[in-house]
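**Q** Next come the chains, spelled out residue by residue.
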Amino acid sequence: MADITKLLEISSQVRRDILRMVHAVSSGHPGASLGCTEYFVALYFHILKYELPFKMEGKDEDLFFLSNGHISPVWYSTLARAGFFETSELSTFRKINSRLQGHPATEEGLQGIRIASGSLGQGMSAAIGAAFAKKLNGDDRSVYVLMGDGEQQEGQVWEAAMLAGSKKVDNLIATIDYNGQQIDGPVDEVNTLGDLKGKYVAFGWEVLSCDGNNMEELITTLETAKSRTGNGKPIMILMKTEMGKGVDFMEGTHKWHGIAPNDEQLATALNQLPETLGDY
Amino acid sequence: MATKYTYTEKKDTRSGFGDGLLELGRSNPDVVALCADLVGSLKMGAFIKEFPDRFFQIGIAEANMMGVAAGMATAGKIPFTGTFANFSTGRVYDQLRQSIAYSEKNVKVCASHAGLTLGEDGATHQILEDIGMTKMLPNFTVVVPCDYNQTKAATIAIAEHEGPVYLRFGRPSWPIFTAPDQKFEVGKAVHMIEGSDVTIFATGHMVWNAIEAEAQLADEGISAEVINIHTIKPIDREAILKSVSKTKCAVTAEEHQANGGLGESVAQILVRNQPAPVEFVAVNDQFGESGKPVELLDKYGLGVQDIVAAAKKAISRKG
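Just so you know, the sequences run in chain order A and B.
Read in order, the letters of the first sequence correspond to residues 0 to 279 in numbering that gives the first Met the number 0.
Read in order, the letters of the second sequence correspond to residues 0 to 318 in numbering that gives the first Met the number 0.
Hint data in this document are derived by calculation from the structure and do not stem from the laboratory.
Every value quoted in this text rests on a predicted model; they were computed, and no experiment measured them.
Heads up, some of the hints might be wrong.
[What the hints assert, rightly or not] Quick list of in silico lysine to any residue cross-link-like pairs, SDA-like style, CA-CA up to 25 Å: (1) Lys-134(A) <-> Asp-52(B); (2) Lys-134(A) <-> Ile-59(B); (3) Lys-198(A) <-> Gln-56(B).
[Claimed, not checked] Beta-carbon label-pair distances, calculated as ranges: (4) Asp-210(A) <-> Asn-138(B): 40 to 46 Å; (5) Gly-197(A) <-> Pro-233(B): 48 to 54 Å; (6) Glu-294(B) <-> Lys-94(A): 54 to 60 Å.
The beta-carbon is built from N, C-alpha and C at its ideal position, and this holds for glycine as well.
Let the hints inform the model, and build the full structure from the sequences given.
**A** Shown next as structure tokens:
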């Protein structure tokens with residue numbers, strides 16, 4: 000049974016971390032990081048089975064791949080809060096000589112990262128590869144991957160979607176952060192995704208939906224997804240989120256996709272988010 | 000004119016890859032193979048037959064194949080991807096760069112039908128830029144073996160080499176002139192023929208042309224040294240400097256654009272250490288076309304006569 004109150008407390012702290020990290024370097028991507036906070040906290044504090052210290056191969060563990068690497072702040076904060084590395088390292092985000100690159104990288108051995116991402120469209124392919132390897136190894140744990148909704152415009156996503164369906168990669172649980180926004184505006188205006196659920200169903204997937212900012216509903220959906228593995232189909236969760244969630248003036252707009260708050264905006268934002276675990 | 004190497008059999012280098020892959024399948028359980036709808040062209044059939052569970056048919060989706068391979072490497076497998084050289088590099092450059100090179104994944108990108116000797120399919124498939132693209136990527140090792148035996152040995156050797164590797168080979172039937180049970184050492188140039196007037200650094204199919212050129216030069220009283228640079232990166236710096244310190248000039252020969260190829264790598268080492276005249280036998284900023292392999296090599300300046308002429312020119316430029 001998930002302790003929803005505790006997960007929400009962690010989420011509040013992760014949101015504080017995100018805002019403080021991007022504010023400190025006046026760069027980074029707070030919008031979708033805030034929108035996906037519940038997802039990351041749910042994964043690392045309730046859903047995933049993993050061991051520390053981090054091992055690249057992750058044998059007999061659940062694996063997570065982030066495809067839309069620009070939301071690195073939420074991942075870094077969650078990993079640090081989950082004990083992959085010291086929370087003090089969050090202060091190095093996007094600075095010279097840091098392991099916390101603007102987009103996730105493996106080069107300096109940051110625990111928790113298995114592949115670089117940032118150039119969009121590549122994460123699901125890697126997740127499928129890891130899922131194939133798990134099957135070869137007789138390892139029955141699952142592989143998770145998160146993608147953006149705008150990212151669905153990349154062709155490689157559909158190469159991967161087709162393969163996962165046709166090869167019945169049923170140990171793969173993909174999620175799309177369905178916030179409806181991309182850099183140039185609403186996804187529906189830039190290049191609409193149309194019937195996204197229908198598209199994945201047609202590619203041979205089982206498709207679930209949920210409100211990604213409702214912790215209880217999200218946990219239920221992730222647990223349903225887990226229970227549906229091994230049934231001959233890859234699983235997709237269309238996760239509705241709100242960009243900028245948790246900070247009133249950032250919510251529901253693509254304006255905060257890649258812009259950091261100034262001093263005043265940070266203070267206003269932090270006032271809305273209780274410091275539950277202690278700032279780094 | 001008698002060449003210092005002879006051959007009794009011709010075979011395509013891609014068969015060397017296929018046979019090497021089969022041996023690897025037997026000796027290394029971590030080796031897995033992926034293909035994008037070209038198993039016949041890549042000679043992967045024997046591996047697939049013996050190890051069906053370790054083969055992954057991805058379909059015509061090369062970008063996805065590179066990502067899937069990277070993911071498998073993450074989990075400790077040693078993936079060998081197989082498709083044409085064009086679709087192994089230009090088509091998937093960002094996937095090679097981010098998911099494999101930057102992510103330091105132990106993926107072996109195995110590429111057939113490279114260069115002009117692909118022949119009749121023409122310029123769309125005759126990639127002449129792949130060595131340049133792959134050698135520019137940090138963490139990538141670039142290997143270009145010269146005949147069937149060496150391609151087989153190289154295929155087996157790169158499984159033991161930790162990190163991303165680009166293995167380039169070709170389509171046409173080509174002389175087999177290296178030893179069947181050779182030990183292949185990544186990064187170590189092979190001295191084919193000793194000489195004193197000029198060094199010919201060749202790679203891939205062009206090593207045979209260099210051997211034929213040496214024989215013609217010898218008939219004219221010119222002593223050429225022939226070195227097989229089967230590893231473009233990391234390149235064997237010592238072998239290059241040692242040879243040119245003796246011969247004082249060089250020719251490079253490759254089935255690739257002059258821009259970005261072996262010649263550039265050799266020239267870079269020479270200008271930094273001991274400047275000497277270098278002539279480049281390579282494609283000169285052009286696309287290829289349909290035709291027979293040897294016809295194409297001749298038309299685009301990669302024939303035996305072109306190496307002979309380049310050697311004479313390099314010698315004439317010595318101070």
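**Q** For each hint, tell me whether it holds in the structure or not.
**A** Here is what the structure says about each hint:
Between Lys-134(A) and Asp-52(B) the CA atoms are separated by roughly 10 Å; this keeps the pair inside 25 Å, and the hint holds. A hinted pair counts as satisfied when its Cα atoms are at most 25 Å apart, and Lys-134(A) with Ile-59(B) qualifies at roughly 23 Å. A C-alpha spacing of about 23 Å is found between Lys-198(A) and Gln-56(B), which places the hinted pair at or below 25 Å, so the restraint holds. For Asp-210(A) paired with Asn-138(B), a C-beta distance near 42 Å keeps the hint of 40 to 46 Å intact.
The hint said 48 to 54 Å for the Cβ distance between Gly-197(A) and Pro-233(B), and at roughly 50 Å that hint holds. For Glu-294(B) paired with Lys-94(A), a C-beta distance near 58 Å keeps the hint of 54 to 60 Å intact.
Taken one by one, the earlier hints all hold for this structure without exception.
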